[in-house]
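Going left to right, the sequence shown walks through residues -26 to -1, 1 to 491 as mature numbering (1 follows the signal peptide of the UniProt record, and there is no 0) numbers them.
Calculated directly from the structure, the hints in this document are not laboratory data. Hints are not guaranteed to be accurate.
Said to hold, decoys possible - What follows is a set of in silico ranges between Cβ atoms, one per label pair, in the way DEER data are often shown:
| id | residue 1 | residue 2 | range |
| --- | --- | --- | --- |
| 1 | ASN397 | GLY81 | 56 to 66 Å |
| 2 | GLN445 | GLY471 | 16 to 26 Å |
| 3 | LYS477 | GLY151 | 52 to 62 Å |
| 4 | MET195 | GLY476 | 31 to 41 Å |
The beta carbon of each residue, even a glycine, is placed where N, CA and C say it ideally should be.
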Amino acid sequence: MSSKTLTLSVFIAFLVWSSNFEGCTARRGKHWRQSRQTSASLSKKKGSHGGSKSHHVSGSNPKAPPSHNASPSSPIPPKPKEEIIPTPPKKGYKGSDSVIFNVLDFGAKGNGESDDTKAFEDAWVAACKVEGSTVMVPADYVFFVGPISFSGPYCQPDIVFQLDGTIMAPTDHRTWGKGLLQWIQFTKLIGVTIRGSGIIDGRGSVWWQDSSFDEPIDDEMKLIIPMNKTRDEAKPTPVGSNLEGKIPSIKPTALRFYGSFNVTVTGITIQNSPQCHLKFDNCVGVLVHDISVSSPGNSPNTDGIHLQNSKDVLIHSTSLSCGDDCVSIQTGCSNIYIHNVNCWPGHGISIGSLGKDNTKACVSNITVRDVTMHNTMNGVRIKTWQGGSGSVQNVLFSNIQMSEVQLPIVIDQFYCDKAKCSNQTSGVAQSGIDYEKIRGTYTVKPVHFACSDNQPCRDVTLTTIELKPLQERYHLHDPFCWQTFGELKTPTSPPIGCLQIGKPSSNRVQYEENDSR
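Let the hints inform the model, and build the full structure from the sequences given.
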């Protein structure tokens, strides 16, 4: 092993180790926006974002013509006829800007039926040894690939996974055994990029149809009461699901990155994941842009992008359609900047849920701006469990356009994704939450602030909130606040008079008639 490779692996190991000791601290800046230096490092690419163009030449090299300088009087005995053995295609060839390893050269068929998993594994092993190399998944092919991990930490940096074809997941229960947490995984890598115009298809309908009724449900459903006083509790039954045996209850994430540094995902489409579509766990320096996530609005727990224990993340110019949170920001996340994102359908952009099972959660320096949401359950939301600890601080939601959103603005410190949860006194503290330029229409309730008696929400500011009711099939409600303190910087529409101006006094509990939680 080279000293350079060893240094890279030690560096990755340190990043993963240090992320597990994250304290609830935040920088002095109120909200994180990428600095010029950060923007440059996140946006820097290894060559062009387009597919590397190269020509694949196979066969033996032509031989030189025989010499014509021999004298005619000197007869030359004829040479025995040589057997020409064609040279096999090279498995790594020089493209315009990198060495390319095409999965077809490693035995992949790309016919949508043959198992191409081994070919993908072999192509990765070869590319792993070459810095700045490219694994090519060519267009116009459909590759049937089972659960697979493209792993470091001994890989060279700056590997590109050029995805222009389609990768399709298996639905045979035997492939998944008792259940796996992810389908395609990249772990412990530096500078890895997935790019292209291709598709990752999780074929999740077989998993959604087999969902049990005891799976987690979104707690905000309790606030949405149809006009006929009943709720549709039926689980999704998508058309065309062909269940092949008993699918395990553990549902995989389609694409996961773990313990990696300077990760880029751009151009691709991820669709119909059994559960979460794209997940980053214990990563530092993440850039996601110009991708598409697509699954039906009634596909359960199919988050678009899920962030956990990750820092310095930039997500922009992306369209997210799913059955759960378009973006989910979990514990251990800081310096997250999301802008120019379209979200519909789905459950909006959420911080949380945090603090489940009495755990400590820390989230800080989050900016979400210039986002469009249409026909989503929630708009921008923070959700935490009773009994947790830690903090959410320095959050900005700015210039969010809502259209037919049921609950545009939500803080819920009583989150519970099952039928009943016990009351507990401790909670995840929340402070420095700013809402500005939130405009559009709502169909249930414009604002829902349900904060803890022992951990009131502090420094919540509202500026230019303009939300109009749209009577559809749900009962409409006025804004609701409980133990929420802050400032109204401008008049709001509708008026949000329930926000308590200033800061809470110590041991103060709000006792007043208000809407039920």
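Hint-by-hint comparison with the structure:
1. ASN397 - GLY81: 56 to 66 Å: Given range 56 to 66 Å: holds, Cβ gap about 59 Å.
2. GLN445 - GLY471: 16 to 26 Å: holds, 22 Å
3. LYS477 - GLY151: 52 to 62 Å: holds, 54 Å
4. MET195 - GLY476: 31 to 41 Å: holds, 33 Å
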